[in-house]
Structure formats: C-alpha cells, structure tokens
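These protein sequence lines are chains A and B, in that order.
Just so we're aligned, residue 77 is where the first sequence starts under my numbering, counting upward by one.
Just so we're aligned, residue 505 is where the second sequence starts under my numbering, counting upward by one.
Keep in mind that the hints were calculated from the coordinates and are not lab data.
All values derive from a computational prediction rather than experimental measurement.
Glycine included, every Cβ here is placed at the ideal spot set by N, Cα and C.
One should not assume that every hint holds.
As the list claims (entries may be wrong) - Residues from chain B shown here face chain A by an in silico Cβ test under 8 Å; the list is partial: (1) T710; (2) S725; (3) S789.
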Amino acid sequence: MTTSPSAIPADQPAQPAASDRPPVVAMTGITVTFPGVKALDGVDLRLFPGEVHALMGENGAGKSTLIKALTGVYSIDAGTIVVDGTERTFTGPAQAQLAGISTVYQEVNLCDNLSVAENVMLGHEVRRAGLVDFRATRRAAREHLKALNLDIDPASTLSSHSLAVQQLVAICRAMVVDARVVILDEPTSSLDVDEVERLFAVVRDLRSRGVAILFVSHFLEQVYAISDRMTVLRNGTLVGEYRTADLPRVELVQKMIGRSLEVLEQLEEAPKRVVAERGDVQPYVQAIGLGRKGSIEPFDLDVYPGEVVGLAGLLGSGRTELARLLYGADRSDVGELRVDGQPTKLRTPRSALARRIVYSSESRKTEGIIGDLTVRENIVLGLQAERGWLRRIPQRKADEVVAQYVEQLGIRPANPDAIAGNLSGGNQQKVLLARWLATQPKLLLLDEPTRGIDVGAKAEIQRLVAELAEQGMAVVFISAELEEVLRLSHRIAVLRDRRKIGELTNGDDVTTDDVVDLIASGGQDA
Amino acid sequence: MATDQLTPTRPAGTATAQKTPRWRLDARYQPVLGTVVVLAVMLAVGGSRYENFLTGRVMANILINNSFLVVLAVGMTFVILTGGIDLSVGAVVALSGCISAWMFTHGWSAGITIPVCVLVGTLIGLIVGVMVHVFEIQPFIATLAAMFLARGLCYLVAPESIPITDPTIVKLSQTRWGTDDGLVITPSGVIALAVVAVAFVVLHYTRFGRTVYAIGGSEQSARLMGLPVARTKVLVYVISGTCAGLGGLLFAIFSRSGYSLTGVGMELDAIAAVVIGGTLLTGGSGFVLGSVLGVVVLGLIQTIITFQGTLSSWWTKIVIGALLLVFVVLQRLLVLRRR
Ligand SMILES: Nc1ncnc2c1ncn2[C@@H]1O[C@H](COP(=O)(O)OP(=O)(O)OP(=O)(O)O)[C@@H](O)[C@H]1O
Ligand SMILES: [Mg+2]
C-alpha cells in the first residue's frame, strides 16, 4: 500500500467530484423473478469510480440478488446492465471477474478442503512455464493476507480456521485481482471492531485509487463510517439513491423498513435485565475447571436459570470453543461439568440435547441450515431430534410451532413451505434460531445469533431472548458486538487468548469501555 | 504466555489460527498414510510367509499385469476428485479392445488403429461430460448409460472373441526390458507410468488440476470464485474416457484379443483402487500416486492368494471388499473428526 489509508477522513470521498464522472456500472430497471417470488422489480444502481456505495435494505429486500444479477449468477428478466459504457450480460462470475468486477458474496464461498493460500489465489496462481509455482503463490498469498493483518499460515487448511478468519480470507481473495469494481456483500458480519477497521483501511485505499466499491452491511455505524452514497431497497423495489451525508440515520431506517420511527424506537428500548431471584436455586450448568488442551484453558462458569450470561472477547479469544465444551461438541480433558447439580460428561451434542442444552451455531451454512429442506422441516428438526426419530411430531403441533416462530421472528417469505436454501441470509439465520427456540431448552447457547440480521429483526430477537430468560431459561449469548452483549446480559464472562480472564456483573453503569479495559488489562487488576 | 503484546486498539495477530501440533501429519495425507500402512503390512506378511515373495520379479509382475488398471485408476481419480463417478470405463475398455481387433482384422495399420481406439474413449468421455454438465444428469446415471452404450457397441463390432495378430501389437506384448533376475518392465508398464507422471503434474501443478480439487470441495464456491467449472467438469470425463480407451488398448496388448465381455466389473476395480488409495468419494481430497498404491494393494492381494495356493480366487474379491469397507469407514471418521 502506498498511501496511509487513515489519512483520508472517513466520510469524505477521495474525489469530491466523483459523480460528475460517468458510472462504471449502471444497472437500470433490473427485474429478477424466482418461481413464485419477484425478488427485484425495476431496480436501479449506479456505481461511481472512487466511491463507496452502500446497498441498504431489510433481510430479503433483494440486496444479494441484485449483486448476483450484476455478476451473472442470476439472469435478469428485464433491465439493462452497462459496464464502462457498454451494455453487458455476464453469463457467470468468471466473465464478471474478467470485466474487472471482483465480488465477495454473502456467506463464505471458499473451498475448505484447500489451503488458505490456494483459496486466496485459485485461478490467479503464480506460474512458471505454465506450471503453478507453489512457493511463489504462497508468498503472494501471504502478502495479500498481510494487507488485512491476517497473520496465519498460508499453507494451513481453510477449515482449520474460524468463520471470521475465513471471511477475511474471502475478502483477501477479492483483492488479488486488480479490480475496478469491488463488491462486498456483508463482509463484516463475523468481524470484530479491529478487523472492520482494518478492512476499512483497505477499502479507503481502494477508493483513493479510483475503485468503485459496493458495500452491504446491517451495521449502520459502519455504513456511515465508510460510504459516500447509498441505494435503499425495500421488498425488491427501489426506494431511492442518496448521498450518505444528506441522509440522517433515522430517515434511512424509515426508508428501509417503511414504518414510522416510533415502532423501531419501541423495539430498541433496552430489554429489561431482571435478575432472577436466586435464593437457593442452583446453577443449571456449572463448569468447574473445565478445559481442553489447545482449545480453551480451564475455566469456571455458572449459568443460572433465568439468566443471560454474555461471552465477550476478541476474535479467536475462545468464545465458541467455550460454548462447544458446554454442549459436548468437543470433549473436555480436564475439569468437571455439572448439569442441574449432577456431574455429567457430555460426549456428543446429542447427550447435551437430552439434558435440554442446545447450541445455535455461528456458521449456519455448514452446520445449521439444511438448504434442500423447507422452512417448516428445518424448524421442526430440533424438536424431532429431541423426541427421537421414531416418534413423529403430530402435524398440527408442528404447524403451530412453525407458524408461531415465523410470525415472531418475522421470517420472510412467511411461507413454511419455502425451500430454506432460497431464503436471504438473514432469514436463514432466523430459521436456525427458530429451530432451537422451538425445543424450549433449559440452556440455550447462542453463537452470533444476530449475524446478518437487519436492525428491526435484531431488536425483535434481543427482546425474545430477554423474554425467554425471564421465563426461566438459562442463556449463554455470544456476539462480536459488545453493545449487544451489554444490552442483554446479566453477567459477562470476558475471554482473551483462549482463557477466561474475568467476569462482570452487568448494570446500568457498566459500559463497553469497561469490557474493553478488562480485555486489555488481561484481567490482572479486575 | 504472550498476553502483553495485546492492546485494546490494535491487538496484534488476534486472528491467528489455533496452532496445530507440529508432529501431526497434514490431514490431507492421512488417508494415503493408511494405504501405505496396509501396503507395508501386506509386504511384511507376504514376505514372512512365502519364499520368493519379496522379489523384483513378483513386484514387477504386479505392475505389468495391472498396467491397464493403473491407467483406469488415474482417469477415475480425476472424476472422483470432482465428486463424480465413472461407471463406463470397464465397457469402454472392452469397446476399445474390440474396435482394435476389428480394425486389425480388416487390414488397418497400427498407426491408425491405436489412436482411433484411444479417441473412442475420448469421445465417450465427452458425451458423458456434456450429459453431466449441460443436462445436469447425475454422473452415476450418465455413465451408466454410457456403459450400456459401449457394451452394446462391443457386440456390434465383435460378437465373438477376435485374436489380434498385428505385428506391432505382438511385438509390444512380447517386449521386456530389464535385468535377468526378473526386474523387468514392458512397454505397457512404461505407458502406465508415463500416464501417472503426466496426471501427477496436471493435477498438482496446473490451474486445471487445482480447479478439479476446488470443485470437489464445493462446486458452488468454485463457480462463485469465477473458476471455469463447466470446462473442468467436462474435461475430467474426457480424461477418464481417454484413459479408458488407452486402458483398453493396453488390455488388448495384454490379452492379444478383443472380446466384448472383457472388463466386466473393471470399473469397480478402478473405483476400489482409487478409494483404497485414499481419495475421498465425496471429492476434493486425494492423490494420483495414492491411486497407484491402491492398484498395487489390489495386485498384492491377488498375488498373496496365488502364493497361498489353497484359496479360491474369490477370496480376492472378499479381501478387496473388506478392505474397501475399512477404508470408507476410516475416511468417514477422518471427515467427522475434522469438523
Ligand atoms: N434462488 C432463489 N430462489 C427463490 N427465491 C430466492 C432465491 N434467492 C433469493 N430469493 C428470494 O429473493 C428475496 C431477496 O433475497 P436476497 O438474498 O437478495 O435478500 P437480501 O437483501 O440479500 O437479504 P439479507 O440481508 O438477509 O442478506 C428473498 O425473498 C428470497 O427469499
Ligand atoms: Mg443478502
């Protein structure tokens, strides 16, 4: 990188007169229909060189579809796509890439059987005399990884890394080619503040070099920090294109959800953190010196019924690893776990399920949603697993449960027979959540439950979690978003370097800074 | 503990991977390691029980007698790596053999017959590839259809066994290079080894080869990454077909005849060799050299049973079946553990 990226102010385009120049990409009147759904209806989008353009909208508004229409993954039913002044119809991502459009699609789309280096460089390997030079390729990959501060071994297999790292690797991949248009569909959904900062530094550098960037995120702060221009979609239709500076946050949200603001404010109201009357109630789950070598150091943790325990920590601090020990995905090698006062060995997630402990995974694509099944089948799956496969759930009961959660979580389309794989990313997340909520567990482990979920639905989910806790469920809540952890948790366990370094009892006077300080100090003076 | 390099604003290397212990073999090599172990055990057992087992002659014969299978297994490796399967290769072997025998009896020269036989395989592979990719037919079904087609064509060309007397073929089948103590190699063996070498380079050192692995990992991801998925998927079947055509030629050299019933079930031997050689049936993981080891394992089983003398040759199938089961279960466990 030649320029110092941080030198450029966050919300000013490098080229103030960017919009005077013709757009690199101009999509007009784009219509995309799927059997039974009109995903996009006459949508326009313009991308200017040297500008960051945010594509905004609720879950299922059509953002990812618009991106895929541009790069030729989906064919369009109407409309025109003009790239660099000539009308184009790409037959697939390969062609779009050749035309200088580099895309990071929503969800991590990499090959986890290959090494990190290969994933970054696939199709762009360094070759000598026609043959791949692995050493040089790895070196090149390492350079690209370094630009995002990713200090991982390029020769390691992709599957050995966390979702967040994989997401960063996917972003690196997009930077390998000298693209004129870079599209990032929810690139920050698994990232921490620092990684986001790092990514933005790279994005600003690209912008200063005249690259057009399309950015999708449900984090409004991020959108306002990085974008110059916005296009807002609602229900597959275009609401409008605005300069970020001209559109205050409240108005943006209003345009996105199409509801009056009070509704949202009501939702965003902090859920009540009523600490349950403990009395002589014993913790539902009690970890005593529980640990696993190479995964997480021995820790103590009590989770009481009616309590939300948040896990805070940076990427790779061991949040997911801790949760995995609590529901038997990994076996502990030291310490003791007590469930309901009984010493228990959880060997598999199944045995955890039998003790009413469930885990909603952060990687919904590989461990969660079964794309070929319907929304109904996906939701009922958890209930069915709990009952045992031989005892069928009565149709009426299944319908009731499904209808309840589709309504409560706002799953769109609200059709239980829709194929889950066709849902938008955020809606798939809601389905996954519904599956585990439906089992009415005693301990609910939520790993990034609001990943990729829009503002309105996020507040709805937070409220639901608070409500469940109030009714006596024990909840462990993992999120990279500290604000969210703080808003929901009664107690916060702080992790760092795969070690639990402390615990905070939440209260109105506790702020994110307290947690950050605790992480920074490593728990020594806490 | 290296905790103090962290600051709240810029935590260095927070995104680093969990360190895997040094001594652990790269997960990708684990299945092949299993093959090597099986091979070593078989050699040890054979060597200790039978005299003259661990000799150059025995080992050379395994390669010579199975050179066609090596070629088939190499082609099959490409297909299985993408997550597909090719059931047509046994029938294509027969077809290629029949066509060569027919052409020789009708006076065609070896210079024309040999390329035609190989190209017949290529053509069938191309048809399969187009069916699989363009019409999105399951590889299992598409290659099953190709298998019936090729087998049927065999009867059209050569209803009965046709001996091959062409001087070139006779010469190829009789030539032996090597030392007096039995460490010899035939032209077929050389061809098989050359195919292995070329396949190794193509699979590991070309973009095409890397795309094969990527498709096996996730076809959807490969497509979104902008890799040439369509071309690659068609090409792997073309390669497998071509290998089958060449394999048919090698088998014709080996048997000096063309017969419509040759190679029945040979596709299953090839698949067994690939799986025993450590390639995952789900695709994305495996090596050509592993498949060669797989063929050697199959050959060794046969040899041991011959040496034993008292066992019926059906024991070969039983042992292969058992071994296959063990390997498939092992693969499953490896995949599960990696999650
Ligand atoms: N392949 C498909 N088949 C059928 N319907 C689809 C398909 N892909 C998307 N849809 C539908 O199109 C609509 C738009 O989905 P899209 O993925 O573009 O939403 P999105 O704005 O990206 O949402 P999110 O924020 O959740 O990612 C949704 O209603 C979805 O169900
Ligand atoms: Mg999306």
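We went through each hint and held it up to the structure:
no.	hint	verdict
1	T710	holds (7 Å)
2	S725	holds (4 Å)
3	S789	holds (5 Å)
Against the hints set out earlier in the document, no violation occurs for any number.
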